[in-house]
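Chemist: Those protein sequences? They're chains U, B and S, same order as listed. Its first residue numbered 1, the first sequence is counted upward by one per residue in the working numbering. Its first residue numbered 1001, the second sequence is counted upward by one per residue in the working numbering. Its first residue numbered 2001, the third sequence is counted upward by one per residue in the working numbering.
Keep in mind that the hints are not guaranteed to be accurate.
From the derived model, a few chain S residues whose C-beta atoms are all more than 10 Å from chain B [to be verified]:
1) G2009
2) T2017
3) G2030
4) M2031
5) P2049
6) V2052
7) L2056
8) R2064
9) G2080
10) A2081
11) A2084
12) A2088
13) G2094
Listed next, the stretches of chain U that the computed footprint assigns to chain B, with coverage defined by at least 3 CB atoms under 8 Å from CB atoms of chain B [as the list claims (entries may be wrong)]:
14) 37-47
15) 366-379
Bear in mind the hints are in silico, worked out from the structure with no lab data behind them. We put the beta carbon where it would ideally sit given N, CA and C, even for glycine.
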Amino acid sequence: MKFSGLRVFTEALRGHKGWKPLWRDPDPQPAYDYVIVGGGGHGLATAYYLATTFRKAKVAVLEKGWLGSGNIGRNTTIIRSNYLLPDNEPFYEFSMKLWEGLEQEFNFNAMVSQRGIVNLIHTDAQRDAYRRRGNAMLLAGADAELLDREQVRVMIPFLNFDNARFPIKGGLLQRRAGTARHDGVAWGYARGADMVGVDLIQNCEVTGFRIENGRVKGLETTRGHIGAGKVGVAVAGSTGRVMAGAGMRLPIESHVLQAFVSEGLKPTIPGVITFGAGHFYVSQSDKGGLVFGGDIDGYNSYAQRGNLPVVEDVAEGGMALMPMIGRARLLRIWGGIMDMSMDGSPIIDRTPVDGLYLNAGWCYGGFKATPASGYAFAHLLATDTPHDTARAYRLDRFQRGYVIDEKGVGAQPNLH
Amino acid sequence: MRLAGGLIDLGRTLRFTFDGKPYEGHPGDTLASALLANDVRLVGRSFKYHRPRGVFSAGSEEPNALVELRSGARREPNTRATVTELFDGLEAHSQNRWPSLSFDALAVNDLFADFLTAGFYYKTFMWPRALWEKLYEPAIRRAAGLGSLSMQPDPDAYDKGFLHCDLLVVGAGAAGLAAALTAARAGARVILADEDSRLGGRLLSESDRLDDAPAGEWITKAEAEFASLPNIRVMRRTTVFGAFDHGVYGAVERVSDHLAEPGAQVRQTLWRITAKRTILAAGATERHIPFRNNDRPGIILAGALRAYANRWAVSPARRVAIFTNNDDGHRTARDLLAKGVGVAAVVDSRADARATGDYRLIAGATVSGSKGRLGLTSIEVTHGGGTEWIACGALGVSGGWNPNVHLASHHRGRPIWDEALQTFLPGDDFPAGMVVAGAAAGQGGTAAAMASGAEAAVTALSALGIEAKRPTLPRAEDAAAGLQPLWHVPGKGRAWVDFQNDVTVKDVKLAYQENMRPVEHLKRWTTLGMATDQGKTANVTALAVMAELTGKSIPQTGTTIFRPPYTPVSLSVLGGGDSGAHFRPTRLTPSHEWAKAQGAVFVEVGQWMRAQYFPQAGETHWRQTVDREVLATRKGVGICDVTTLGKVDVQGADAAEFLDRLYCNAMKSLKVGMVRYGLMLREDGHAYDDGTCARLGEQHYVVTTTTAQAGPVYRHMEFARQCLWPELDVQLISTTDAWAQFSVAGPSARRLLERVVDGFDLSNEAFPFMACAGLTVCGGLRARLFRISFSGELAYEIAVPARYGNALMARLVERGADLGATPYGTEALGVMRIEKGHAAGNELNGQTTAQMLGMGRMVSAKKDAIGTVMTRREGLVAETRTLVGLQPVDPAEPVVAGSHLFAGDAAQNTETDQGWITSACYSPHLGSAIGLGLLANGAERLGEVIVAANPLQGQRVALRVVSPHFIDPEGERLRV
Amino acid sequence: MLIPHPLLGPRDAQEFTYLGDAALLNRPDGMAADAQAAFNDYVYLRDNPAGVHRELWFHEQGDRSWVVVTRNTVTHEILGAELARDVALAAKAGAA
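With these hints in hand, go ahead and build the complete structure from the sequences.
Modeler: Below is the structure:
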């Protein structure tokens, strides 16, 4: 069923009787050519591109809960391609280009909104670093603009320019960045994948791998054994748990990141703003809530909930940056489990087990990568060669010394 | 309509305005009760359809009666009128309507409701793509949202605090009071917190008698007893909003929200309460029963209707009706009759219902519709196959009560369905140390609630080894509910489930039809429970409707859990006042006062404020000042406060061994009285931090770190000491703040220092380059002297106890007046270190290696120092980018840090990128801009002309690759 | 969170800085023949358990002890805490 304004109109006239399920709820078949473990954004996108772009049949996605119940359902919805390192920037820019055509491609309004992101600058050294980054973005074909203090003031007049502990000296702007409706992205990919025959199997938890002679043959699940030609694992914060079933230790720790939304307010904040002297970033959803976040709690966790110090730290950052939000109220706090990698960058690679592929290590930046991650993972699964923009995301880069460390903090996941 | 009685002080009048119109109320009123007393039923508009809405509840679960409270910078959007205590001069405005509350243009949405069903926006607005940001989205954003911010900084003060207790009791209703009394009498440290301004909870809203007297008398006695006990802290107007780990609860005390202005007090305080045990006695929230057009002003929860009559002495109308599926609705009818309110009918869905008072009962019936554009005028009752319209100005709806299990599920424990009570009760998986009592545990009767509260206290305290006696509780009644589930009234038209977000039974059905059936899909697809009330009156009902559609039981369909905060919390109080200039601590250098007196310009360096430069009269541009400071230093002598560099004192028999393992270069061979540059690596082989290591004695070293890394490096050193090599005899202490340290640099540095040291031989022979010593200065002041140089000049760093720093700075400048002694700031410091080619923060950015910084040979292969092994990895060895100097071919051209480097004629893109400029400045010494950069194969390219591209600012400059040591590459100046 | 400091009793976790898995106590011998492989494991690979986890916290705003905390990463329940120095010394004594 194709979605359109006309369709909404005609369905309204006939009492909405024609709307069909967004996706089927099939029982698992005995075997598939491709099984994607994880029905989150990356897993659904992978299945979608496998079945569409790479024209693979017999594809299934196994999800232990409901579709989109992982980090795609609990993030701050920011999309951007403002990375520094040459191993990252082309990949995220590829993702941005996919975002730009995504809704028309999968015929679902995921509310991709390119309202811009400003990373604020508070010191001269930060300006040098952002200039290096902005130039790296331009060289990779992305967009970037360096703003001085007055340009920032014109664009975001309500920031704390006059009484700040750390004065605002400028900003790095990416106009094509913005936000997307996170659930809508999951649903768009899910519906798109379902329409081309991908089996989306909910409430199906993977409990183990069947591996024979170093090759994966299938999966043990709470809904029985499912045979598989190739298995792609895209389970974010659960990566450690799932891959332990294949006997793998990984350069990944699971950490909790809290995110926040305020009560609904009339339009206040134009795009995405990140504070450069504290842990705080914010945007406003179409519904009116201020969506904001900060640092991860900093300790290993699988709990999907965090603690008060980070809540306070984030609020302090927000109040320091934009004291006019003080009379707004925090409505909801939630926590997601982040697959924090040892260099802060992701892994899209084969594993030592034949036929078993891994997509992980997205830290707290996986949402923006959803389209490219799915595309690149599908590329790898379908062709056994990495996508051009994802060549560096190898599992052996740590051992070989080719880390991709945007922040320059080394092998300590909670600092990335 | 104002009734008689209640907990209202009719003797005093408070004036307030709503939408500019003046009204009067009394102490004890909330804004909601005062509006109802003034017969104002229309108070707001819904989120999507802009439907007229009135007060729906009497508590913090309110979905409809949201207002912008106060004006100016104190404007507070989305404030629930039901929990806003009335004060004289209160000003409130309705929100989300234009031009007025009674005529709202966007109410047109309601006419198009058929097009605006759940999730419609996911299906349209996709073509043409460019119109999303330009047209569709701005329109949606303007229409969405609720209240608006003032856009001015919050003028009020806030605070934070910690509290500790044996027992935290959340909620001061019947159960909470009984629990608190039990525990307080046992001598336990108790905190009793309630969001209301008065203790009593639901007792305040009931006509119940305790020990044959009004409940208020018993509450007053309990309050008096609390006041007499030193071990209980009663916190009114305090909402415990979140349960965190290890017995930590977040709570907000609204210290002065009930006043016109806080005056000298804070507005709110954020409390972090650490409780050994917690009793959750948060009561229950009534649920409604959706029927066609059940959202008109005047349709209200039956329990709220009763509360308004009993506690606030108001009724929304003279003639009301009740719609119920349980006995509690009848209680409301009786109480209203007793207050003189006319009861048009009690519509009870139970066929076997019996009247318990003098009112018309319509049993086995449902309310199936309503009329009244801006307020209810009549209801349609369906019974016996027919319908009947009954005139009434208000309808109380009672669908049973949902226990307030929120805090119990903040650790993601799931409530469990109780078939007998037809409600979710707390499961067994709640936060450690928590016990649930009273209506929150399904013990809703007054006597049962009190007994369960007392019992919970006994249980909780016994786990702490405190023996508590069960108190003699007052005689009270337990009314049975006799509920027969009715989750919605079937029929055509729209029946609201979630009022604020306009989610109807139809929307739930559509979600079912479109296979958005898991509870979380239902919520996200329809926006159910996403409003400011977090679905307190909606979620369970929606779940039940979905269960009916799927043919599954409610627990099979799902459960809903709750996330913090219990009710919304202001961002101001979470920030707790640590904003503006107080966002982070400010650290001042020892010579700050002196520098300030000289008119220095300061700059933020982490938490420090450092002198950036010292402008003099006539200097109009900072560059003039910095050039002067640099040249004065290179020609005569300059003085700079470098206290901010981290200092760590290292002592012990194994100090040398310890440092040898910490630095990648050899340290054991350092002689007493000498200093060595040291580079630390991270264990992953990348450069971590650099500094100097001075050996003051056989077993005594002082090492320095960069300013930025002073904390982390000290932590790292303690990690090495305690975790890696605890067998070594070595002790560490950070002395960064203990010693003031100044760089004294320039050809005249020795002459200047000779004037302050106490007979210390500074000659090159006695105290050569890289020497160090303890000594005294200025006639007996303990000091340390290091002959080290960051500027490339003959230079020293002199340290004195921090409290003498300001005086020493003044003394040095004064004594060196004839030598041209010039204070310099961080800018000149930066220029001189770039001229000398020293790496600093921009080069030691965590992404570079010793090899890249030209220090690869320092990494000793002969020892197992931290990071050494990992430098041998393929990728690190293969890295060719090295630190070079860069000078513009045309001296008039700029050099800009952050530019990327390319071979002269190469195309410019990610693939051809050969490096970047790390640091740049204008060199007054060379008379042109210069830079340091990391360039591919840089060491082999001296003399080559390359291109620095800065497309961000439209710059492209030809640069010559030179040695990074622009000044004195042989280091002769250092050694004179 | 509250960390039961072995010397100071329960302290607010805000006083501490977290590092990671207590396996970081077991630094391999950098002079051994297989040092590079051993260091790859040590620096980069983690068990990352969903359950009981022994981990390092530094009492930065306190007595500057490194503490090994045993904590459940699913429930955040803390099962014990020891001075890292004692743990490291015991491990070395055991290895010797």
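Chemist: Decide, hint by hint, whether the structure agrees.
Modeler: Evaluated hints:
no., hint, verdict
1, G2009, "holds, 12 Å"
2, T2017, "violated, 6 Å"
3, G2030, "violated, 3 Å"
4, M2031, "violated, 5 Å"
5, P2049, "holds, 18 Å"
6, V2052, "holds, 16 Å"
7, L2056, "violated, 7 Å"
8, R2064, "violated, 6 Å"
9, G2080, "holds, 14 Å"
10, A2081, "holds, 12 Å"
11, A2084, "violated, 5 Å"
12, A2088, "violated, 5 Å"
13, G2094, "holds, 13 Å"
14, 37-47, "violated (count 0)"
15, 366-379, "violated (count 0)"
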